[in-house]
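Chain order of the listed sequences is A and B. Residue 82 in the working numbering sits at position 82 of the first sequence, with consecutive numbering throughout. Residue 44 in the working numbering sits at position 44 of the second sequence, with consecutive numbering throughout.
So the derived list for chain A, only partly shown, Cβ under 8 Å to chain B, looks like this: (1) P34; (2) L46; (3) D49; (4) V87; (5) K107; (6) G108.
In silico BS3-like cross-links for lysine-lysine, where the CA-CA straight-line distance does not exceed 25 Å: (7) K41(B) x K19(B); (8) K107(A) x K44(B); (9) K71(A) x K44(B); (10) K41(B) x K22(A); (11) K9(B) x K41(B); (12) K107(A) x K41(B); (13) K57(A) x K68(A).
From the derived model, a few chain A residues whose C-beta atoms are all more than 10 Å from chain B: (14) V13; (15) Q60; (16) K68.
These are calculated hints, taken from the structure and not from any lab test. Values in this document were obtained by computation on a predicted structure and should not be read as measured data. Just so you know, even glycine gets a beta-carbon here, dropped at the ideal spot from N, CA and C.
In case you want the letters, here they are:
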Amino acid sequence: GENVEQHPSTLSVQEGDSAVIKCTYSDSASNYFPWYKQELGKRPQLIIDIRSNVGEKKDQRIAVTLNKTAKHFSLHITETQPEDSAVYFCAASMYSGGGADGLTFGKGTHLIIQP
Amino acid sequence: DTAVSQTPKYLVTQMGNDKSIKCEQNLGHDTMYWYKQDSKKFLKIMFSYNNKELIINETVPNRFSPKSPDKAHLNLHINSLELGDSAVYFCASSQEWSLAAATEQFFGPGTRLTVL
Chain A
1 GENVEQHPST
11 LSVQEGDSAV
21 IKCTYSDSAS
31 NYFPWYKQEL
41 GKRPQLIIDI
51 RSNVGEKKDQ
61 RIAVTLNKTA
71 KHFSLHITET
81 QPEDSAVYFC
91 AASMYSGGGA
101 DGLTFGKGTH
111 LIIQP
Chain B
1 DTAVSQTPKY
11 LVTQMGNDKS
21 IKCEQNLGHD
31 TMYWYKQDSK
41 KFLKIMFSYN
51 NKELIINETV
61 PNRFSPKSPD
71 KAHLNLHINS
81 LELGDSAVYF
91 CASSQEWSLA
101 AATEQFFGPG
111 TRLTVL
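Next comes chain B alone, as it looks inside the complex:
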């Protein structure tokens, strides 16, 4: 009964390739996110998405694009991979934000991407 799952767990690829990471949540949440954790363990938001709005962190290169086939999935596509893209990528989800209160974000197990 995994709440947020990601595949693959490990991804090793060559520079210049295009790859995707899949994320699924079975919590019925309305909002999903992608975070990048670099080698220094720094966690940074890349995207947040619900059925109304995609919010993109301005520092994210346009080689990265989120794709949501339905409310339970938010996949991450990366084109023309670079060495600096090597990191752990975490998907997360939460109930839709409102003016009333934010709710807990649940994280997936992470995908370790290594670009050679």
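Chain A extracted, bound-state conformation:
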């Protein structure tokens, strides 16, 4: 099955600086890569996603890049703000005919924005 590795497990940056979180996946059949943000005690919420036919996607201060050959993808947050502090999860998925295998998540990155 799919395996997703995520680094670092904890990332502390100064407010206003950029943060980068990296993930690798094992199954070349995976073709959908979402990123979720989870605040303490809350549900995971999608912040950005990318499909395998795209190399980069940007939404305001958040961007995701995908390298299919190397099987890795990254989340970039620029001009970080205190409200960006949370746990971020990368995930990967593939299709199985008409069914859905669910998302395989990385182990999460605790992002801490220092004021």
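Here the structure of chain A is known, so what remains is to put chain B in place on it, guided by the hints.
Showing chain B alone in chain A's frame:
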């Protein structure tokens, strides 16, 4: 207008008991999921289900069983609860997968299960 809801929010029970967690989505989605988040925050798929197919993660004990009375509901039944079942359980839903593209999964608020 909650999209995905779960009840109860908290569940405390004794080892050996049988319990259920309910999940409802009002998004008209075709596929629903259950995930388990352990004490280290690791999120793992347990089941995915649409009206055609139930896919079970092979690591899930058969004490866990999903039940779908209709397209908008996917409940989780757990028999003979064990200490290691303590975790937060999240329900999620998405539009039916196709060969064209996957779509966003929307998560419920979670149910914190504590087994004593």
